Amino acid sequence: MSSDSIDQIFIHLKQWLLSWLAGAPDWIIQVASSLLNILALLGVFLTLFALISVLERKILGRMQNRYGPNRVGPFGLFQPIADGIKMLIKEDIVPARADKIVHFLAPILIAATAILALGVIPYGRNMTPFAIDGGILFFFAVGSTTELAVFMAGWGSNNKFSMLGAMRAIAQMVSYELPLIITTLPVVMVVGALSPDAIVAAQSNYSFGFVPHWFVATPWGAAAFVLFFVSGLVESNRTPFDVPEGESEIVAGHMTEYSGFKYATFFMAEYIGMFAISGLAVTLFLGGWHAPVRVLQFIPSYIWFFAKLSALLFVYIWLRGTLPRTRIDHIMNFAWKFMLPMAFTCILAAAVWHYAGRGLAGWLCSLAVIVIVYIALSILLDTRKRFATRTYRFAE
Amino acid sequence: MNSVAFILIALLTLAAALAAASLPKLIHAALSFAVTFVGVAAFFFLLGAEFVGLVQIFVYIGAVAVLIVFTILLTRRDVGKDRGFNWAGVFIAIAVFAGLLWAILKTQPLSIAAPPIEALTVRRIGEVLMTSYVWPLQCVGLLLTAALIGALILVMEEKR
Amino acid sequence: MTPTLQLFLIVAAALFCIGLLAALSRRHAIFILIGIEMMLAAANLNFIAFWRFGPQPQPPTGVMVAIFSIAIAAAEAAVGLALVIAVYRHYRTTNVDQLNQLKG
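Protein chains in written order, with my numbering: chain A, 1 to 396; chain B, 1 to 160; chain C, 1 to 104.
Check the hints yourself; a few may be wrong.
What the hints assert, rightly or not - Keeping only pairs whose Cα atoms sit at most 27 angstroms apart, straight-line, the calculated DSSO-like set for lysine-lysine is:
hint	chain 1	residue 1	chain 2	residue 2
1	B	LYS25	A	LYS160
2	A	LYS100	B	LYS25
3	A	LYS58	A	LYS90
4	A	LYS86	A	LYS100
5	A	LYS90	A	LYS160
6	A	LYS58	A	LYS86
As the list claims (entries may be wrong) - Across the chosen pairs, the derived CB separations fall in these ranges:
hint	chain 1	residue 1	chain 2	residue 2	range
7	B	GLY150	A	ASN126	46 to 52 angstroms
8	C	GLY54	A	LYS86	55 to 61 angstroms
9	A	ALA24	B	LEU105	50 to 56 angstroms
10	A	ASP92	C	PRO59	52 to 58 angstroms
11	B	LYS25	A	GLU249	27 to 33 angstroms
12	A	LEU39	B	ALA88	20 to 26 angstroms
13	B	LYS25	C	ASN100	24 to 30 angstroms
14	A	ASN70	B	ILE153	57 to 63 angstroms
15	C	GLY54	A	GLN297	43 to 49 angstroms
16	A	ASP92	B	LYS25	19 to 25 angstroms
It should be emphasised that the hints constitute simulated quantities derived from the structure, not laboratory data. The model shown is predicted, which means the values in this text are computed figures rather than measured ones. From the three backbone atoms N, C-alpha and C, an ideal C-beta is built for every residue, glycine too.
Work the whole structure out from these sequences, hints included.
In structure tokens, the structure reads:
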């Protein structure tokens, strides 16, 4: 088999499956094709969720000098199955004073929107489940629904911890949605399209055969990628920005009153949201499914995509293992005073890069723009003077 | 297929709109309001205006609905339920609907079936927005900035 | 059978009247805002429907108007809700019937 047929194996498989329906009315084939896409998407990402949930605990364990889960199956790999069974047979508790309908709908909405957002990401050559012209906009439109779902969970539970957690979550998600969206703008402007496929196609070339034309290789792209990644951390409520569910303060935030399978749904939605944001970061800045060097193009495209995705997910886990939780006012200050101006600077730098001919000159000019703004912001936002010498007040 | 989708979306939109207008609890009304706008966005998709549908979801669910629930939270201590219900409003609304319905049914339609059109791409919208509609665009930008500042000033704590 | 322009107009009219109902008969300021937003959405639906059923090809005027209208509706919602909060702070109520004084 040639490398091309391995690359397209899933497409051929789908066509083969659909060929069974030959002769059926058009809309049946359309529905069947969509169902196949949905099933493949769910299968892949639920498996990935199960895998990541155990790998995260293993890696965190390794970072904290202990064994992770290692009892169920080889190396503890069957742990998610045990967890799933445990979650399924737990009692489903709904608080007596809860707003029952809203309480019930919140986990459904949050999981549905998280999975919908996965649909527009190109996973490989010709492998976009839901290719529409405004794909990036679709991603953010669907993603913004999460805030409403979190609010529903917090309100529906009728519990002050839930409400506090939901308020924190919405506050930080609204604040970081701005840098998240504004950092995608330079990419959209440079490519001139909102569709993820066009964005991936624009990153397909190589200089000298080994420097890929990924947007992360340009100064504005690198800055935007870092900002996007940090905003993604906040949007998926991951450490160090996990104040909405800070266990030591407000139990589990908006998930406090959920138990059993509904809690598992929230947990799953959080991870799927993380996959979606990382997948979009790969698509926008890391060249999507393209190989990093030209000679490695024989490896199928979807393997590259998932390799990049796994690398990003590892960074997520790594950050969780190393960083402490940030205070909420610091998070908000950081969003409005640093992230937002830097995100606008990325647009400016991308424009400079574009009008200086997209070459070395543009590269250096846009680097200069970003460095100047970064230094200016650091001087403006310098808070060192405000700290006094720390005084310790022990019970003497 | 198309008409099935139309009927389903119409039922969903109008039912959610009625719920938003009549539910006693504000939060339920706000959530039904969000569903109404999903329905309207679905209509836009059905009519081939993908971009507007996405913008609609983005703006209304992501921003306006969240603003509304925040406002409900901030004004929550206003314990008295929604006291009065003005029945005159119902009659006026029904009268207006009857008038509109009469006008719609009496007018000759432009064309019975929708003429085939080429898909309205985002690129085309962007080009039009940046050429013939650039002044309205600037005005809307100014308006949004003014609204942002105005809203901030309105909700700032009053100094006593 | 595919839906005709008239059907879309009827749905938009119904949506408009439900918005009108909410704005006229509810006493809570937020309901009134919700009603106004619904009326704007009904108008948008009309714009898009007329664009789709109008003679082709043509510049996408209906779509443009709908986009601007959404932006203006967002601004209106932001200012309106800020007003609701400001009024609530002052009078401790959001019932529009009780806001009958010009001088607070």
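Against the structure, the hints:
1. B:LYS25 - A:LYS160: 19 angstroms, holds
2. A:LYS100 - B:LYS25: With a Cα-Cα distance of about 13 angstroms, the restraint between LYS100 (chain A) and LYS25 (chain B) holds, given a limit of 27 angstroms.
3. A:LYS58 - A:LYS90: 25 angstroms, holds
4. A:LYS86 - A:LYS100: 24 angstroms, holds
5. A:LYS90 - A:LYS160: 24 angstroms, holds
6. A:LYS58 - A:LYS86: Holds, because 19 angstroms separates the two Cα atoms, which is no more than 27 angstroms.
7. B:GLY150 - A:ASN126: 46 to 52 angstroms: 49 angstroms, holds
8. C:GLY54 - A:LYS86: 55 to 61 angstroms: Given range 55 to 61 angstroms: holds, Cβ gap about 59 angstroms.
9. A:ALA24 - B:LEU105: 50 to 56 angstroms: Hint violated: Cβ distance 39 angstroms, outside 50 to 56 angstroms.
10. A:ASP92 - C:PRO59: 52 to 58 angstroms: The hint (52 to 58 angstroms, Cβ to Cβ) holds, given that ASP92 (chain A) and PRO59 (chain C) are roughly 55 angstroms apart.
11. B:LYS25 - A:GLU249: 27 to 33 angstroms: 29 angstroms, holds
12. A:LEU39 - B:ALA88: 20 to 26 angstroms: 54 angstroms, violated
13. B:LYS25 - C:ASN100: 24 to 30 angstroms: 26 angstroms, holds
14. A:ASN70 - B:ILE153: 57 to 63 angstroms: With a Cβ separation near 59 angstroms, ASN70 (chain A) and ILE153 (chain B) satisfy 57 to 63 angstroms, so the hint holds.
15. C:GLY54 - A:GLN297: 43 to 49 angstroms: Roughly 48 angstroms apart at Cβ, these two residues keep to the hinted range, so it holds.
16. A:ASP92 - B:LYS25: 19 to 25 angstroms: Between ASP92 (chain A) and LYS25 (chain B), where Cβ atoms are some 24 angstroms apart, the hint holds.
In summary, the numbered hints that this structure violates are 9, 12.
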